[in-house]
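First to last, the protein sequences are chains D and V. Using my numbering, the final residue of the first sequence is 503, and nothing's skipped along the way. Using my numbering, the final residue of the second sequence is 1200, and nothing's skipped along the way.
Source of the hints: derived by calculation from the structure; they are not laboratory data. The structure presented is a predicted model; accordingly, all values stated were derived computationally and were not measured. The beta carbon of each residue, even a glycine, is placed where N, CA and C say it ideally should be. There's no promise every hint is true.
Unchecked claim - So, partial list: chain V residues that the calculated Cβ filter (under 10 Å) puts toward chain D:
# : residue
1 : P84
2 : G418
3 : P720
4 : Q886
5 : E889
6 : R1138
Chain residues, written in single-letter form:
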Amino acid sequence: MIDFSTKYLGLKLNGPVVVSSTPLSESIDNVRRMEDSGASAIVLHSLFEEQLALESRTLDDDLSRGTESFAESLGYLPDLKDYRMTQEVYLEHLRQCKEAVKIPILGSLNGATPGGWVRFAKDMEQAGADAIELNTYALATDKSQTSAEMEGQLLKLVTAVTGAVKVPVSVKLSQWFTSLPHLVGQLEEAGAHGVVLFNRFYQPDFDIETLDVRPTLHFSKPSELLPRLHWAAILYGHVKLDIAITGGVHSAEDVLKSIMAGGGVVLIASALHIHGIEHIKRVLDDMRYWLEKREYTSLKETRGCLSRRSVPDTSAFDRGNYIKTLSSYSLRQTVGAF
Amino acid sequence: MAEWADQWRSEGKKNIWGALPIVEELQSEGGAAGALHGALQAGAFGTTFTASQGLLLMIPNMYKIAGELTPATMHVTARTVATHALSIFGDHSDVMACRSTGWAMLASNSVQEVADMALVAQIATLESRIPFMHFFDGFRTSHEVGKIFPISDETIRALVDDKYIIQYRQNALCPDRPFIRGSAQNPDVFFQAREACTPFHAAVPGIVQAVMDRFAKETGRAYHLFDYYGAADAERVIVLMGSGAEAAEEAVDALNQKGEKLGVLKVRLYKPFDASAFLAALPKTVKSIAVLDRCKDPGASGEPLYMDVVTVLAENAAKLPLAKMPTVIGGRYGLSSKEFTPAMVKGIFDELSKAAPKNHFTIGIDDDVSHSSLTYYSAFSTEDAKTVRALFYGLGSDGTVGANKNSIKIIGDQTPNFAQGYFVYDSKKSGSMTTSHLRFGPKPIRSTYLITRASFVACHNFSFLEKMDVLEAAMPGAVFLLNSPYSAAEVWDKLPKTTQEEMLRKKIEFYVIDGYKVAREAGMGSRINTIMQTCFFAISGVLPRDEAIQQIKKAIYKTYGKRGEAVVAKNYAAVDAALAHLEKVKLPAAVSSSFDLIPPISPHAPKFVREVLGKIAGGHGDLLPVSAIPAGGAFPTGTAQWEKRNIAQFIPAWDKELCIQCGKCVMVCPHAVIRAKVYSPELAKKAPATLQWAKPKWKGMEEDRYTLQVAPEDCTSCGVCVEVCPVKSKSDASHKAINMTPQQPLREAERANWEFFLGIPEADRSKLSHGQVKDLQLLQPLFEFSGACAGCGETPYIKLLTQLFGDRLYIANATGCSSIYGGNLPTTPYASNAQGRGPAWSNSLFEDNAEFGFGMRIALDQQKEFAELLVTRLAGAIGDELAKALLGAAQNTETEVNQQRARVKALREKLAGNKSSDARNLLAIADTLVRKSVWILGGDGWAFDIGFGGLDHVLGSGKNVNVLVLDTEVYSNTGGQMSKATPRGAVAKFAASGKTTSRKDLAMEAVSYGSVYVAQVALGGNDSHTVKAFQEAEAHDGPSIIIAYSSCIAHGYDLVHGLEQQKLAVQSGYWPLMRYNPVLREEGKNPFQLDSKAPSIRLKEYSYREARYTMLARSNPELAAYLLKEAQDDVERQWRVYSARAAMPGRGETPNIAPAEKPEDKSEQKLAAEAAGGAE
């Protein structure tokens, strides 16, 4: 029997497959099915502070519109006693998830204000979150804002959150940082227990007929896994914090690659939308078959075996571009693939 | 009141016995009364709330309930009954219409008394078995915010004796101890049985007084059947009931302090009228009495209360406990919330001191027709010097009223002051002005009238200064706070001359703040309420500044806390930033302004519009004498064009290069402020230089000019036109063929362009395709500039109706939004064309509109038939050829209708001077020979609920009427109450927990007749389909009904997206577009046409864009999810039914299962004839 157990953010997990943020986990039934299928932990969907502010303002606008303007209709909708704002619903759901399953439940947070990050993280901790994933992507649209400032802000907020909560904190990153190893090192110093590689974002798509711009998010594809493997392999061994891989993990092979690159766990979501929640079990069964056939006894054995520090020739990791002057055998192989 | 009860139920708030009362909304007040009657018979303790027309609908059941000696209470906000016009405001005409029902009538005069008398009525009805109508003045009392002492549950519990409740239960129907109630009786016993109830009524006064006495022991507030206030030795006394008694009391105090001997007798228990208590309450010294009624009883010997008083005095003449029989006069006051002030009270007392005082007088108006009115010294004031009086002019929706209500609560709660707030709204639903009247001070406030001497005036919108003298009511030395985009240094020169003069004359203490800037920076948009509120507290000093800010924040949290932290935070930020922007303005020594107030009505308007409607629009309608107002309620149409409201901050600006001239913007504009014309270059010679034009994109018109013009001063800035514009710039997708642009810089030029544009002749209608949206933009709308909400979803349909058939259109309009924006003074939107023809519009009631329109139809049919008879009889004088043409004319097309008009014109010429009775009679009705189009308009509240019975009957009548249901899925005009059109899962008033049942499929109910033309349309779903439906409906020689999806402010989203929502409603299958045209059956086709595609999105993708759905998802997510699922099922089920119906073969294919309604072919007729034993 292969030992799948692993540790992530200091939490003992019974396997490497963690469910990433997905609307599927908004249903308690689904959360139970995830556990039954072998998920070792569940990261709930992100609580967006910006969205909370927006919905608060929208609700106020909608309830205020047209009020106190006309004698016979001083308002158009009853003002109910209570509107459960998203954070209340979120925290309540987190509590229910905790009651429903034994596997760890992680809260995910995208704050907008320094105070918001800390407060909502504390709220999640109080609601029973086993860990908190900070979904930290900030889009720079202001030309006066430097990359150093943005990294500084990120570190500041991670410091603030890790200082405010006792549960472990992971940081979900975008892949567009200039020097990821340096940043991750600083995140570790800031108290983060893990990094998640990488966030996937809504991207504006264009309708050229109507000249409309629409935010779109497609399911991930296995091909998206490669940059994640790449960076995990670079980071593994250089930092102590845990590495989780998400984005493009669909099959047992993808999981194995992720672990071999140095990831402690994988976070999976799109594959569950495509194949169903029970797909987790198939992935684990396939992994088990593959490892047993090759006489591994545990998954741990494979971890980091293909990381940058473990391979004899690092040029495959170090080159970002196709080069004509071929200096190594391994690169010649790569070029042959073109 | 009932809405609160429903909301409390949804919140689980229990009554004093720990039970959760059931709250049900019926289809009408008549239905509510019936349900109440049933509930009472079955033993539940029941109540109902109503007013005005609603109360009249309850009358039949009121007789029954009282006749059966059933304890019940209803609470009535006494409001005007519609006569020559509808008025939503307050008087006693409704309650007085119920005097003979047998219900006891108990009046409250103030907010405190409403709470107190409500309880007295509830207890007294149980003990007396006589039902009670507890009433108080609509608006003046029902909408006043005041400091009161609430009654605790313990007090209520202590006062209600279970004995009577148990007794009441035992009198209820029950099969375990059966009896019948409500038998039919004959002449032999009915009379005696009717008299049998007399002792019960006779006992009421004693019971009520006993309850009042017990109430006084519990609460310290003592009441009597008649409460006298004033000098013990008063010689002149006014008798009245309702809020006016408070003003009278104030006047009596002031005048008695000056040595007068006056009093006021407040009637509390009006019915049964206790003669002895009344006489005992009068001071023995009284010499003359004025009895005031807040209603008019035309033709009676006097109004009701007056008659009662006279009767009591006359009947007791021999044993009066008075020194002598007093002189009694009666008078009318305060109809439709007309102000009733201490000055008027003094005027009445002055009249009473005359040797022969005027009887049957009126007070508060200038009756220069019947000369009934008393004159009075209007400057007489009893306002307490220590009471602060503040006036706030706000823009509807800017939050001014809400903030002022909070201010009253803060002052009432946090200071020893008494406080009162009353709020006045104008009659427009977009860009309306609100006036808040706030009083606070150390003495109890009895001033039940508007503030005319203010120590503090705040104007929350700078544009108000353009048209109105906002300082008219300011006292010398008053504070004036202005929300101004100009700083203290700049503002003076921006003020009109009149305002500057007034400020200097009154030595006004002047402050400005750029509230909009503070609001914008705090993320508040245009809601400046808490900013201005903070300034008010800071300047007035009613509380120390820090404490005031703390209390304002507390109120903000209480009001907005449940809506999320961001809203609270932005309000806090606004409050914190406010005072830093508040500036005091040093008044210059002299007037400097070169401009003055703009008249509310154009000086080019006709005399009546200028002098009468202009006065009303300018806020001085109270000054108009009786002679100025047309008796009978008829007013000229086309008057909205003269009232330039200038409420738009942004207006659409046309990019003629980009425009494809599709006409969609013109079609969807709710206020008809964007229009197109095609005209010859010759006409453009005198055009203003800024008038834009493009080459028309119509075949055969290429040499002409096309102009798309906006009425800059009538636009409401809704933006729907820009939203619907399909064209985007190739180089900048944010730029369309029309774009919202700041109004102010464009106003002057576009005003001139608009005036020129109006003078361009309308297009030749015969050259246009009336079925094409593109061509329709050139048809003149005869419905323009209504007071409907910005972005209203109803008005584009009405506008379309007038474009298509406006010159031959009769409109019967059910009460509701469409009757308010269609017919509310001062100015009204229905207009006429260059030939002087236009819609003839009338509103009867809410419940009877189908019948009302039906009556119009049969009247036209009857007159046409008679006219045809007269044409036949006068054929000699008319000429055979013309007579024959008149009688046989086809009038299926507009051209044919116009040809008939020409014949009628010829007929008039032929008969001119003909003195015969037939000729004169024919001339009076000759217009009915021209085809007329009768349209019955109303909302879903009318069509689905209160008027459904009548609508159903009219649809079944076969008569040629057209029904247009402007379906907003709630009672919009009264604030969004649930109707049977409300969809499942939507929150509405009376459905605070979301409507649990599905929407009624009115279309299919109408389809079931087989002979009714039915269409379900949505302009945003398919505009061409809408146009087609209107034309087919009108063409159908029989009843037709169009159910039109109408986006509404009550749906809870920004109406700029209204058309997009309509599209989504269609795409989700929630609102399938369909037509059922009986004519097709005669052609052998299936009359049922499904005109929209199968659902392509989930219902949620449409519905969860509206707060009416999402607020339930917030407050009760589990229930919302359940109802959404059920609603999705509704959609799918409906789609299956509709698509199956549309897929059925026509009669041509299935002659045996869908036989003809009438024999069609010869063989069938022959067979029928043979079967009958005859032969062809």
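We went through each hint and held it up to the structure:
no.	hint	in the structure
1	P84	violated, 25 Å
2	G418	holds, 8 Å
3	P720	violated, 26 Å
4	Q886	violated, 36 Å
5	E889	violated, 41 Å
6	R1138	holds, 4 Å
Going through the hint list in order, the structure does not satisfy hints 1, 3, 4 and 5.
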